[in-house]
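> Protein sequences appear in the order of chains B and V.
Numbering of the first sequence is given in my numbering, commencing with residue 1 and proceeding in unit increments.
Numbering of the second sequence is given in my numbering, commencing with residue 1 and proceeding in unit increments.
Below, in silico cross-link-like pairs of lysine-lysine (BS3-like), each with a Cα-Cα straight-line distance of 25 Å or less: (1) B/82 x B/31; (2) V/31 x V/88; (3) V/95 x V/82; (4) B/260 x V/204; (5) V/118 x B/183; (6) B/204 x V/260; (7) B/95 x B/31; (8) V/183 x B/183; (9) B/258 x V/204; (10) V/32 x V/95; (11) V/82 x V/31; (12) B/32 x B/82; (13) B/118 x V/183; (14) V/258 x B/204; (15) V/88 x V/32.
Derived coverage of chain B by chain V (criterion: at least 3 residues anywhere in the stretch with Cβ under 8 Å from a Cβ of chain V; other residues may be distant): (16) 16 to 26; (17) 158 to 167; (18) 178 to 185; (19) 204 to 214; (20) 401 to 411.
Just so you know, the hints here were simulated from the structure itself, not pulled from any lab data.
Even glycine gets a Cβ: it sits at the ideal position worked out from N, Cα and C.
2 protein chains.
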Amino acid sequence: MTSRTLIADLAHLPEGPVRVAGWVDTVRDQKKVQFIVLRDESGAAQLVNPAVREGDEGDPTITEAISGLTNGTFISVEGELKHDERVKLGGLEVKIGDLEVVAPALDSPIAEDSSIDKRLDWRFLDLRRPEQNLVFRVQTTFLHALRTWWVEHGFIEIHTPKLMASASESRAELFEVEYFETKAYLAQSPQFFKQMAQPAGFGKVFEVAPAFRADPSFTSRHATEFISIDAEISWIDSHEDVMRMHEELLVAALTAVKEKHGAEIEAAFGVEVTVPTTPFPRIPLAEAKEIVAGRGYTVPRADADMDPEGERQIAAYVKEQFGHEFVFLTDYASSIRPFYHMRHEADAGLTNSYDLIFNGVEISTGAQREHRVELLEEQAREKGLDPEELGFYLDFFRYGVPPHGGFGMGLSRVIMLLLQQPSIREVTYLFRGPNRLQP
Amino acid sequence: MTSRTLIADLAHLPEGPVRVAGWVDTVRDQKKVQFIVLRDESGAAQLVNPAVREGDEGDPTITEAISGLTNGTFISVEGELKHDERVKLGGLEVKIGDLEVVAPALDSPIAEDSSIDKRLDWRFLDLRRPEQNLVFRVQTTFLHALRTWWVEHGFIEIHTPKLMASASESRAELFEVEYFETKAYLAQSPQFFKQMAQPAGFGKVFEVAPAFRADPSFTSRHATEFISIDAEISWIDSHEDVMRMHEELLVAALTAVKEKHGAEIEAAFGVEVTVPTTPFPRIPLAEAKEIVAGRGYTVPRADADMDPEGERQIAAYVKEQFGHEFVFLTDYASSIRPFYHMRHEADAGLTNSYDLIFNGVEISTGAQREHRVELLEEQAREKGLDPEELGFYLDFFRYGVPPHGGFGMGLSRVIMLLLQQPSIREVTYLFRGPNRLQP
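Whenever a hint applies, use it, and build me the whole structure from the sequences.
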């Protein structure tokens, strides 16, 4: 491996020879002296070269190379590190000894003020912005903290197939695949197959993987392909046990993010990462709707569900009342929940389920699942589903199964809300939407 | 959460009241006393109940419930833990105080000697076997050790899209998706998009995610959907830097597996996990073919490539000569490598690439990538590819890019070879093949 020093590490090094490598952020080509701001994945530093112009003594090769540099060009530089408080950028500079142009760059087709669509066309250049780099380092830390929590708590990681013979959630919003002599469908969620781990006796499982929805919407929160964070645990008494796992996970992940990136996030986005206290507030949905109505907002829906404005309103209420960024809305009506959600023993109109709202937006749905096969079949029928077609899934419950529940959570939504970004497009490596399949 | 004790934890508990829950492995319903072997994700234990038969004093409810139990039924039991060396199964038993049948089970349609196809039809029951459970715990530990190594070494986790507008590797073996008014294709590998992280300035990236190949083969090593382990790093001098990362990763992962599961793996599979020494042996492919020929095997191929028997032979040679289970075969001919592999400066007929062989089977391909766009375009054209169609990919190299390389490795193959299983079907949660889309 070429022994380059990461720019972030220069501050801790003694003065002397170093090798740095990255891309040219800017060049200031003055008569007597040339400056390059060099950027790598860890930061930016100033490189300096006394210019050797026509008529000057010395070799003009490096001077001419610098004059010819375009922004974005990748270069590798050997030089002398000098700490100098007068240098605004990090209090240090590197005097160039040798400079190699590794890959020259055409002029960037995007600028600071380019539209999001144009930036997505050139996503690999857009990702060079330090804030974008930070987004993905935050995401890395967030996911690793989740997985570490799961592993330390005895969970098994599973990889459910994304190619299915039938729908996992509904016939709508389903992508169809040509599969040899037949058709397959892309998994809309790992729901059925993560539940399968329960009769399989796996106990506690997790998965972080893509899911696919042929959703024609163009909102800031929807994508046709997204990363779904899923967990499913056995021997629960109710959805309360799922919520308890869920909040512990988020505390672990946000603690890790705050420790590792808190200062950077504040500098880049003006956002202070808050580690939430537990338990998170829990409000039954019916009560939440009354609270929201009391604030003057009537949810304009014929069914029992919330809407995005209602979610913002209840989040604002929770923030005011409890100073909390999270709230579990619980006990959704059976009419607006999938057939596999368990219903209350005393009131079949309500389910053992929840949505988790973070900074005003739904990021997750969780529930206890119905594991009694007669009830499950009845509930499927009631929703107009064909138990025949669900046969493979219903079989999971015919050979013994523990009570269980879990949640699915959208990675991009969490990161968007954590960093207060306007759209999941800003926090997705390569966004996929109805009109967006490239690059 | 219902406060159950994992069966594996009973050994360390004092005698007294406990609650255990799991599925019925077997029932021995004797006249005077009844035994249940109960299994959960952590192990098996014997439960005991003095039978209350007709005419006996006492409540016969539990006795009758036990007599009615079918294998596989999930039950929850409160009882008294007693340590007793005479009990073969773990030296302990639980005297049943109360027993709840949580979910009864139909008779299992599979048995120990069922065919692999029948077992895959009933995968959720097949996965109840303790060896199957171990496979997925090993996999969890393996992956977590890889990710921990990456995170500790400053890698960024990426999630490349699986829906693409064009092929990522070749037009063959491509799954086509109906995508609104157009067509999409399932990613055959994250190759192009993990490389995109390089001009994006991410430095070092990793991804563990599904990949899809419409491969009609029915071998023990191929699937239409598989988990691909990918890494890509910048500022390398050659594929040697990629191999060095690769072997360090495998040492970290196998160390973790050996520590956590070594004894269990030996007991279940008769396999001793070996932590490999570094550096792994490296043999240029041309030399490997000579060695294999010297052993009396001539690779029956018209091109310069190895074949599976050749891989077994060279692995046997390496095992004999160096006592090593791994070998890097290096410097494959350009004619049998994709256009994006960098070629030797001095001999364009050879590439800066390798295959990694583990216990005689190829588990991974790695390479330095060609980052000089003119050469890349020329190599694509030479392979009969249309640079127009590759435009979005070639663009990644026109705006500055560091030298880079990486590898892709099949998760199931590694686990299959580590545990010496006959097929990836045995180590895949739900296998997908040309004839296998269910459950």
